[in-house]
Amino acid sequence: MEKKINTTIGRLEELEEEEWDGENFLFETDEEHQVWLDKKHLVIQELGLQIHSGVWYEKYEDDEEDSFEPDFDFYMFFDAGTKEYLYMEQGNSLITCIHNFTGLSWEEIEGRACEVIHTDRDIQVEEQTLIYQ
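In my numbering, the protein residues as written are 1 to 133.
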């Protein structure tokens, strides 16, 4: 099941915090790191983008428990149609990341229509492409 909220990029902050709570899925993993993405995501149809926020986890050599620890937050961009990975950026706001990827001005970005999508579907990853079950 999916729940969609229609808004504009400039009004995303007005959504209640609970609108952003959700499940995560594993995008990639190896012995040294894991990349987890939120199932909830943003779709900007005009730009053909699907954007997930995520957390990069690292395993540190001096960790006695041999567990993964959060390292940094980021945004990961996918093609809205094919679901193929396009771009990842950390350390900036969502609008700055969209600007850096598209070259559009902040004013152009803030007024773009978008959908916040909450899904409970399982998401698998094959060769950096999202596959919805």
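One should not assume that every hint holds.
[Unchecked claim] Pairs of lysine-lysine, BS3-like flavour, derived with a Cα cap of 30 Å: (1) K83 <-> K40; (2) K83 <-> K39; (3) K40 <-> K59; (4) K4 <-> K40.
Because the hints were derived from the structure by calculation, they are not lab data.
Structure-based check of each hint:
At most 30 Å may separate the alpha-carbon atoms for a hinted pair to count; K83 and K40 meet this at roughly 14 Å. With a C-alpha separation of about 13 Å, the suggested pair K83 and K39 falls inside the 30 Å cut-off, and the hint holds. A distance of roughly 26 Å separates the Cα atoms of K40 and K59; the hinted pair therefore holds under the 30 Å criterion. About 10 Å separates the Cα atoms of K4 and K40, which keeps this hinted pair within 30 Å; it holds.
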